[in-house]
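Generate coordinates for the entire structure from the input sequences, incorporating the hints supplied.
In this text, residue positions in the sequence shown follow UniProt numbering: the first is 1, and each later residue adds one.
Hint data in this document are derived by calculation from the structure and do not stem from the laboratory.
What follows is a list of derived Cβ distance ranges for each label pair: (1) Ser-50 <-> Glu-7: 22 to 30 Å; (2) His-18 <-> Arg-39: 14 to 22 Å; (3) Gln-14 <-> Asp-51: 31 to 39 Å; (4) Gln-2 <-> Arg-47: 13 to 21 Å.
Glycine is no exception: its CB is placed at the ideal position from the N, C-alpha and C atoms.
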Amino acid sequence: MQDELEERIRHRAQELWHAQGQPEGRSEEFWLQAENEVRGEKETYDRLKSDPSITTNS
Numbered sequence: 001m002q003d004e005l006e007e008r009i010r011h012r013a014q015e016l017w018h019a020q021g022q023p024e025g026r027s028e029e030f031w032l033q034a035e036n037e038v039r040g041e042k043e044t045y046d047r048l049k050s051d052p053s054i055t056t057n058s
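Quick look at the structure:
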């Protein structure tokens, strides 16, 4: 599970890096942004999975 999460973070960090023109020296910035996005998605998914009555249309 942890390997899958890390792979998703790595993939998202690369997407962000490419979108910004592949700047050098900013890998940590892109990693942290990707980590926040991916972990946020996972938390939202876990919350919705545990309580299906929650909706995002509120």
